[in-house]
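Participant: In this text, residue positions in the sequence shown follow our numbering: the first is 1, and each later residue adds one.
Errors might be hidden in some of the hints.
[Said to hold, decoys possible] Below, simulated SDA-like cross-link-like pairs (lysine to any residue); rule was C-alpha separation at most 20 Å, straight line:
no., residue 1, residue 2
1, Lys210, His182
2, Lys193, Ser180
3, Lys210, Ser325
4, Lys300, Ser325
5, Lys155, Thr264
6, Lys292, Val247
7, Lys156, Pro127
8, Lys144, Ala123
9, Lys181, Ser68
10, Lys210, Thr297
11, Lys77, Lys156
12, Lys179, Ile213
13, Lys77, Pro138
14, Lys156, Tyr72
15, Lys181, Pro148
16, Lys261, Lys300
17, Lys181, Ser197
18, Lys279, Lys261
19, Lys300, Leu324
20, Lys77, Val93
21, Lys156, Ser180
22, Lys179, Val93
23, Lys156, Glu176
24, Lys193, Lys155
25, Lys292, Ser325
[To be verified] Ranges between beta-carbon positions, derived for each pair:
no., residue 1, residue 2, range
26, Met59, Asp140, 20 to 26 Å
27, Gly208, Glu141, 44 to 50 Å
28, Asn217, Glu58, 35 to 41 Å
29, His231, Leu323, 37 to 43 Å
30, Arg272, Gly99, 54 to 60 Å
31, Leu111, Lys193, 56 to 62 Å
32, Lys193, Gly299, 25 to 31 Å
Rather than coming from a laboratory, the hints here were simulated on the basis of the structure.
Cβ coordinates follow ideal geometry from the N, Cα and C atoms, glycine included.
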Amino acid sequence: MGVSDIFLALSCLSTDIPWCGCKIPVFSSPYGHSYSVAELSICFIICLARQLTDRTLEMHTSEWNKVSSNCYEVRGKTLGIVGYGHIGSQLGVLAESIGMRVIFYDIATVLPMGRNQPQASLAALLPVSDFVAVCVSPTDENRKFIGPNEIRQMKKGSYIVNTSYGDAIDLDAVAEALKSKHLAGAAFDVFPKTPLSNSTTFQHPFSGLKNVIMVPNLGDATQQAHERVGHDVANSIARFLNEGASVGAVNFPSIQTWALKPGTRRILNMHRNVRGVLKEIDYILSAYNVGKQVLETNGKLGYLIADVNTEEVTTEIVAQLALLSNTIRSRIL
Numbered sequence: 001m002g003v004s005d006i007f008l009a010l011s012c013l014s015t016d017i018p019w020c021g022c023k024i025p026v027f028s029s030p031y032g033h034s035y036s037v038a039e040l041s042i043c044f045i046i047c048l049a050r051q052l053t054d055r056t057l058e059m060h061t062s063e064w065n066k067v068s069s070n071c072y073e074v075r076g077k078t079l080g081i082v083g084y085g086h087i088g089s090q091l092g093v094l095a096e097s098i099g100m101r102v103i104f105y106d107i108a109t110v111l112p113m114g115r116n117q118p119q120a121s122l123a124a125l126l127p128v129s130d131f132v133a134v135c136v137s138p139t140d141e142n143r144k145f146i147g148p149n150e151i152r153q154m155k156k157g158s159y160i161v162n163t164s165y166g167d168a169i170d171l172d173a174v175a176e177a178l179k180s181k182h183l184a185g186a187a188f189d190v191f192p193k194t195p196l197s198n199s200t201t202f203q204h205p206f207s208g209l210k211n212v213i214m215v216p217n218l219g220d221a222t223q224q225a226h227e228r229v230g231h232d233v234a235n236s237i238a239r240f241l242n243e244g245a246s247v248g249a250v251n252f253p254s255i256q257t258w259a260l261k262p263g264t265r266r267i268l269n270m271h272r273n274v275r276g277v278l279k280e281i282d283y284i285l286s287a288y289n290v291g292k293q294v295l296e297t298n299g300k301l302g303y304l305i306a307d308v309n310t311e312e313v314t315t316e317i318v319a320q321l322a323l324l325s326n327t328i329r330s331r332i333l
């Protein structure tokens, strides 16, 4: 296998890595860590409700402070989930299993799990939630999705949890709400800016504030999650090499492949997404009986899969495609 045939696969939550611009598929495992992140959110909710982190810190300084004021069971409390994707829906199932009432808001129409109840808007969810868990995707639209206005809409004495996207919440607005006692606590596993190494000082606006939990991106930091992610990514590599499937690639056109029928060969072509390139490819393929063809694009990159109804296809067709000025790489299965 040559260098040009090596395709990178990584389990990454961020695609800000050099390989993403090199026309090399970078595979992620978007679901392998979902349960671990949801489980951490439940941990945060219980710790906030019982003020456990504050009591733990006091015990470490030899202070015995047994209190029950403003400490609650989570059973019967309302959890409002913002973003009901693979993490949010898992969280809803877990929260319901410990007796919480679960409501959620998502911009898409999604199937509720269990007795989780959808809300028509974020404005409908915030005022009735005892806990708000932010589980949104890392997109520009979700940047500062929860700001001062949204925090003012939250129930007085409620809590906010973020285990998904660091830029989704205005941390300064949360800090002000904690100081004014509008919010009773907050927990974060993700942040807008994170240190590049463990030895770097971490800056945040919560110094001296009570009932604030912060951990360094531990949502997916479990042995089970890493094992699932490893399997998912390895399977994605194998499917790309053996079938041409690119589902799960964070920087590459996504094509879900199908079973290759007997008596057919599969042509895979990666090319620059410019006007007229498909016409050039189809001119070459027109000499063969194409049974099925799919093209997907992603910005400047195009990816074509064509099943040709013959076993007579040789490397000649790949050589012809390679001569096209906009072809980046072609191969045959």
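Participant: Confirm or reject each hint.
Facilitator: Comparing the hints with the structure gives:
1. The straight-line distance between the Cα atoms of Lys210 and His182 is roughly 13 Å, inside the 20 Å bound, and the hint therefore holds.
2. For the hint linking Lys193 to Ser180, the alpha-carbon distance of about 25 Å lies beyond 20 Å, and the restraint is violated.
3. At roughly 62 Å between alpha-carbon atoms, Lys210 and Ser325 are farther apart than 20 Å, so this suggested pair is violated.
4. Proximity of Lys300 to Ser325 is assessed by CA-CA distance (about 14 Å); at most 20 Å being required, the pair is judged to hold.
5. A distance of roughly 62 Å separates the Cα atoms of Lys155 and Thr264; the hinted pair therefore is violated under the 20 Å criterion.
6. At roughly 18 Å between alpha-carbon atoms, Lys292 and Val247 fall within 20 Å of each other, so this suggested pair holds.
7. Only pairs whose Cα atoms come within 20 Å are accepted, and Lys156 paired with Pro127 is accepted, the gap being roughly 8 Å.
8. For a cut-off of 20 Å, the pair hint linking Lys144 to Ala123 stands: about 15 Å separates their Cα positions.
9. Taken as a hint, the Lys181 and Ser68 pair is honoured in the structure, with Cα atoms around 18 Å apart against an allowance of 20 Å.
10. A distance of roughly 49 Å separates the Cα atoms of Lys210 and Thr297; the hinted pair therefore is violated under the 20 Å criterion.
11. Distance hint between Lys77 and Lys156 is fulfilled; the C-alpha atoms sit about 14 Å from each other, no more than 20 Å.
12. For the proposed pair Lys179 and Ile213, the alpha carbon gap of about 15 Å is at most 20 Å, so the pair holds.
13. Straight-line distance between C-alpha atoms of Lys77 and Pro138 comes to about 28 Å, which puts the hinted pair past the 20 Å bound.
14. As the CA atoms of Lys156 and Tyr72 are separated by approximately 15 Å, the hinted pair is consistent with the 20 Å bound.
15. The hinted pair formed by Lys181 and Pro148 meets the criterion: a straight-line CA distance of about 14 Å does not exceed 20 Å.
16. Among the hinted pairs, Lys261 with Lys300 is inconsistent with the structure: their alpha-carbon atoms are about 31 Å apart, more than 20 Å.
17. For a cut-off of 20 Å, the pair hint linking Lys181 to Ser197 is broken: about 34 Å separates their Cα positions.
18. Proximity of Lys279 to Lys261 is assessed by CA-CA distance (about 26 Å); at most 20 Å being required, the pair is judged violated.
19. Distance check on the hinted pair: Lys300 and Leu324 sit about 16 Å apart at the alpha-carbon level, within 20 Å; holds.
20. This hinted pair checks out: Lys77 and Val93 have alpha carbons roughly 14 Å apart, not beyond 20 Å.
21. Of the supplied pair hints, the one linking Lys156 and Ser180 holds, its CA atoms being roughly 10 Å apart against a limit of 20 Å.
22. For the given pair, Lys179 sits about 32 Å from Val93 by alpha-carbon distance, which is inconsistent with the 20 Å threshold.
23. The straight-line distance between the Cα atoms of Lys156 and Glu176 is roughly 13 Å, inside the 20 Å bound, and the hint therefore holds.
24. Under the criterion of a C-alpha separation no larger than 20 Å, the hint pairing Lys193 with Lys155 is inconsistent with the structure, at around 28 Å.
25. Annotation: proposed proximity of Lys292 to Ser325 is violated, straight-line Cα distance about 24 Å (limit 20 Å).
26. Here the CB-CB span from Met59 to Asp140 is close to 43 Å, at odds with the stated 20 to 26 Å.
27. As the Cβ distance of Gly208 to Glu141 is approximately 33 Å, the hint placing it in 44 to 50 Å is violated.
28. Distance hint for Asn217 and Glu58: a CB-CB separation of about 26 Å, inconsistent with the stated range 35 to 41 Å.
29. For the pair His231 and Leu323, the supplied restraint of 37 to 43 Å holds, since their beta-carbon distance comes to about 39 Å.
30. Distance hint check: the CB atoms of Arg272 and Gly99 are about 56 Å apart, consistent with the given range 54 to 60 Å.
31. At about 36 Å, the CB distance of Leu111 to Lys193 disagrees with the hint of 56 to 62 Å.
32. Roughly 26 Å separates the CB atoms of Lys193 and Gly299, a value that falls within the hinted 25 to 31 Å.
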